[in-house]
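Number of protein chains: 2
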Amino acid sequence: MSEVLNNLKTRRSIRKYTDEPVTDEQISQIIEAGLYAASGMGRQSPIILAVTDRAVRDELAEMNAAVMHREGTDPFYGAPYVLVVLADKNVPTGIYDGSLALGNMMLAAHELGLGTCWIHRAKEVFNSKRGKEILKQAGVEGDYEGVGNLILGHPDTSVQPSAAPRKENRVFYIK
Amino acid sequence: MSEVLNNLKTRRSIRKYTDEPVTDEQISQIIEAGLYAASGMGRQSPIILAVTDRAVRDELAEMNAAVMHREGTDPFYGAPYVLVVLADKNVPTGIYDGSLALGNMMLAAHELGLGTCWIHRAKEVFNSKRGKEILKQAGVEGDYEGVGNLILGHPDTSVQPSAAPRKENRVFYIK
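Chains F and S supply the protein sequences, listed in that same order.
For reference, each letter of the first sequence is one residue, going 1 to 175 in the working numbering.
For reference, each letter of the second sequence is one residue, going 1 to 175 in the working numbering.
Be aware that one or more of the hints could be misleading.
[Said to hold, decoys possible] The calculated DSS-like cross-link candidates involving lysine-lysine, where the alpha carbons are at most 27 Å apart (straight line), are:
id	chain 1	residue 1	chain 2	residue 2
1	F	LYS89	S	LYS167
2	F	LYS132	F	LYS89
3	F	LYS89	S	LYS9
4	S	LYS175	F	LYS167
5	F	LYS167	S	LYS136
6	S	LYS175	F	LYS132
7	S	LYS175	F	LYS123
8	S	LYS167	F	LYS175
9	S	LYS175	F	LYS136
10	S	LYS175	F	LYS129
11	F	LYS123	S	LYS123
12	S	LYS16	F	LYS175
13	F	LYS89	S	LYS123
14	S	LYS175	F	LYS89
15	S	LYS89	F	LYS167
16	S	LYS9	F	LYS9
17	F	LYS16	S	LYS89
I should point out that these hints are in silico values taken from the structure, not numbers from a laboratory.
All chains, full assembly: derive it from the sequences and hints.
What follows is the structure, given as structure tokens:
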């Protein structure tokens with residue numbers, strides 16, 4: 001099987017991480033893959049907020065837990081970084097475009113031997129007053145909706161998630 | 001650059017196709033990549049309707065054009081096949097999950113030397129009475145929303161789309 005098809009099949013969502021740092025170069029490569037995702041009308045509307053600061057990462061995790069009413073837990077599974085994708089609210093394909101950016105970043109990270117997991121509730125977090133403040137402080141202007149939080153780090157290889165069997169009845173043919 | 005990162009960067013949306021057939025084996029490989037996309041809570045909720053029948057492909061193209069009030073045009077750009085991804089309306093992450101499946105299929109097709117383009121308005125087409133009939137005839141049960149139509153075929157290599165420059169101000173850092 002080609003490297004690419006193998007990459008697509010072997011990527012897993014990682015829910016346990018080590019503290020080992022990811023290099024700036026690796027983060028840049030992952031983000032670049034996200035920027036090259038397809039987008040409606042080629043608008044390139046999604047933006048990426050790359051959080052490598054531990055305090056802000058922790059705050060986003062807390063806000064995320066609060067959305068679920070699960071204060072005190074870490075919904076980011078100990079991953080040291082989070083790449084948040086947001087969609088321009090004025091672009092009708094924004095959510096779809098943002099999802100494709102997240103997908104490309106997952107695959108690039110996997111190729112680099114890193115782990116990711118899409119953690120949801122970015123919408124609620126970045127619709128909050130504090131979420132909007134964080135965006136503004138990072139330099140984001142305009143009206144954006146959170147699409148997803150991609151947590152990132154080195155997988156703890158003591159846990160080796162295997163793919164769940166693919167469910168039946170997901171493909172239909174008109175031949 | 002690794003094959004995978006190169007694949008992510010060099011995939012383009014293809015808007016001109018030849019009539020050369022795509023093999024069943026290739027279509028299966030592309031669909032398999034879509035089935036392995038991440039999904040919220042691992043629910044594997046998206047389904048794929050693979051249309052290789054020319055008459056139904058043409059009908060879907062006509063319905064798609066009608067949504068835009070552009071009857072008589074072919075929004076599928078002459079591509080011989082379409083892989084429609086649909087999301088279970090009862091799954092809150094359905095649209096996001098479906099988008100990831102589309103993204104994986106784009107990348108798998110590119111790896112196989114084939115071309116794709118996400119054509120929108122699957123939502124409107126499969127919310128229509130005729131769209132629902134087509135789903136039912138194909139054996140789909142339940143309440144599904146169209147996420148996207150992935151047109152598929154051999155690229156007409158007389159047209160070689162290059163990547164538009166990436167826009168500025170899409171990445172923000174909190175370091």
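Each hint tested on the structure:
{"no.": "1", "hint": "F:LYS89 to S:LYS167", "result": "18 Å, holds"}
{"no.": "2", "hint": "F:LYS132 to F:LYS89", "result": "14 Å, holds"}
{"no.": "3", "hint": "F:LYS89 to S:LYS9", "result": "26 Å, holds"}
{"no.": "4", "hint": "S:LYS175 to F:LYS167", "result": "41 Å, violated"}
{"no.": "5", "hint": "F:LYS167 to S:LYS136", "result": "20 Å, holds"}
{"no.": "6", "hint": "S:LYS175 to F:LYS132", "result": "18 Å, holds"}
{"no.": "7", "hint": "S:LYS175 to F:LYS123", "result": "22 Å, holds"}
{"no.": "8", "hint": "S:LYS167 to F:LYS175", "result": "41 Å, violated"}
{"no.": "9", "hint": "S:LYS175 to F:LYS136", "result": "15 Å, holds"}
{"no.": "10", "hint": "S:LYS175 to F:LYS129", "result": "21 Å, holds"}
{"no.": "11", "hint": "F:LYS123 to S:LYS123", "result": "22 Å, holds"}
{"no.": "12", "hint": "S:LYS16 to F:LYS175", "result": "22 Å, holds"}
{"no.": "13", "hint": "F:LYS89 to S:LYS123", "result": "19 Å, holds"}
{"no.": "14", "hint": "S:LYS175 to F:LYS89", "result": "26 Å, holds"}
{"no.": "15", "hint": "S:LYS89 to F:LYS167", "result": "18 Å, holds"}
{"no.": "16", "hint": "S:LYS9 to F:LYS9", "result": "19 Å, holds"}
{"no.": "17", "hint": "F:LYS16 to S:LYS89", "result": "31 Å, violated"}
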